[in-house]
Amino acid sequence: GAGVSQSPSNKVTEKGKDVELRCDPISGHTALYWYRQSLGQGLEFLIYFQGNSAPDKSGLPSDRFSAERTGGSVSTLTIQRTQQEDSAVYLCASSNDREGEQYFGPGTRLTVT
Amino acid sequence: EDQVTQSPEALRLQEGESSSLNCSYTVSGLRGLFWYRQDPGKGPEFLFTLYSAGEEKEKERLKATLTKKESFLHITAPKPEDSATYLCAVSYGGSQGNLIFGKGTKLSVKP
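Residue numbers (the numbering used here), protein chains in the order written: chain E, 1 to 113; chain F, 1 to 111.
The set of hints was computed from the structure by calculation and includes no laboratory data.
Think of the CB as a built atom: it goes at the ideal place given N, C-alpha and C, for glycine as much as any other residue.
Worth double-checking, as some hints may not be accurate.
[Said to hold, decoys possible] DSSO-like mimics (lysine-lysine), calculated; alpha carbons at most 30 Å apart, straight line:
1) E:17 x F:42
2) F:79 x F:110
3) F:79 x F:57
4) F:103 x E:11
5) F:106 x F:68
6) F:103 x E:15
7) E:15 x F:42
8) F:103 x E:57
9) F:106 x E:11
10) F:69 x E:57
11) F:69 x F:103
12) F:42 x E:11
13) F:63 x F:106
14) F:42 x E:57
15) F:42 x F:79
16) F:106 x F:79
17) F:69 x F:59
18) F:79 x F:69
19) F:68 x F:57
[Unchecked claim] Quick look at which bits of chain F chain E covers, simulated, 3 or more residues with Cβ under 8 Å:
20) 33-46
21) 98-111
[Stated by the list, open to error] Over the 12 Å line for every Cβ pair with chain F, so calculated as not near, a few chain E residues:
22) 12
23) 14
24) 17
25) 52
26) 61
27) 64
28) 71
29) 78
30) 81
31) 113
The whole structure should be built from the sequences, with the hints applied where relevant.
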C-alpha cells in the first residue's frame, strides 16, 4: 500500500520568507509526527497529533513554527520568517497508535539562503 | 544530557565480517526501543521494536536484542547492501508517544 508522502521534496527559500511543508500519512493511521534532522544531528521531535486530541507541541523550537492536521489526515508544517538555522530535512511519520512503530516519509529538504 | 547514545559513530566492515552496533539509553519507564535503517536521501525505514529486557527479534542478517540498559543490533555476514545508517530510538513514559533518537551508526560494508 501507499506509504507516507511528503511535498515538496526540496525547498529553497530566502531568509525571512514563510514556507509550508505537507505530509500525507498512511491511510487509517491516527497518529502523525513531525521531526527535524539536521546535518550530524539525530532526529529532533517537533510536534505530534493523535486523533482528535490537542497536539503535543512541546518540541517546536520557536513560535515561528506551527502545524495543523485537517480531517485527521493531511498535515501542514508552517515555518514563518525562516532563518538559516531552520535549514534541515523535515520528516513526517505516522503510526496506527501511540505505542506502535512509526513509518516515515522521504522528507523535505529545506534550505534557507 | 543524551538519553540515547549509539556507538560506534561509524563502522567499516568487510563483506562477511559480523559485528554489533550498540544503543544505550538512560530513560526510565521504557515503552519500546525501535531500530531503523536510513539510506542517504531517504526517510528512516522501520526494522524492529523491542518492548522488554530479554526480547530478541531477527530479520534476515539482522538480530536485535534488549537489556535493561542497552540494545544491540547484530549483523551476521553482512553484504554491501547492508550499508546504511542505523538509528535507535526509544519511547518512554515522559515522551508522550514521540521517539527520542540516537545520532546513528553509519555502517559501510566493503565487498
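Hints and how they fare:
1. E:17 x F:42: The given pair, whose Cα atoms are some 26 Å apart, holds under the 30 Å limit.
2. F:79 x F:110: Given pair residue 79 of chain F, residue 110 of chain F holds - Cα atoms ~8 Å apart, limit 30 Å.
3. F:79 x F:57: holds, 19 Å
4. F:103 x E:11: Judged against 30 Å, a Cα distance of about 24 Å means the pair holds.
5. F:106 x F:68: holds, 24 Å
6. F:103 x E:15: holds, 28 Å
7. E:15 x F:42: holds, 26 Å
8. F:103 x E:57: Status holds; Cα separation ~22 Å.
9. F:106 x E:11: Distance of about 26 Å is within 30 Å: holds.
10. F:69 x E:57: holds, 29 Å
11. F:69 x F:103: Since the Cα atoms of residue 69 of chain F and residue 103 of chain F sit roughly 17 Å apart, the hinted pair holds (cutoff 30 Å).
12. F:42 x E:11: holds, 16 Å
13. F:63 x F:106: This hinted pair holds, its Cα atoms lying about 17 Å apart.
14. F:42 x E:57: Satisfied, since the Cα-Cα distance of roughly 25 Å is no more than 30 Å.
15. F:42 x F:79: Holds: residue 42 of chain F and residue 79 of chain F sit about 20 Å apart, inside 30 Å.
16. F:106 x F:79: Judged against 30 Å, a Cα distance of about 14 Å means the pair holds.
17. F:69 x F:59: holds, 22 Å
18. F:79 x F:69: Status holds; Cα separation ~29 Å.
19. F:68 x F:57: Judged against 30 Å, a Cα distance of about 16 Å means the pair holds.
20. 33-46: Per the Cβ count (8), the hint holds.
21. 98-111: holds (count 7)
22. 12: holds, 16 Å
23. 14: holds, 24 Å
24. 17: holds, 24 Å
25. 52: holds, 15 Å
26. 61: Holds: least Cβ distance 14 Å, greater than 12 Å.
27. 64: holds, 20 Å
28. 71: Answer for residue 71 of chain E: holds, closest chain F Cβ roughly 20 Å.
29. 78: holds, 19 Å
30. 81: For residue 81 of chain E, whose nearest Cβ neighbour in chain F is about 25 Å away, the distance exceeds 12 Å, so it holds.
31. 113: Check passes; 20 Å lies beyond 12 Å.
In terms of the numbered hints stated before, the structure departs from none.
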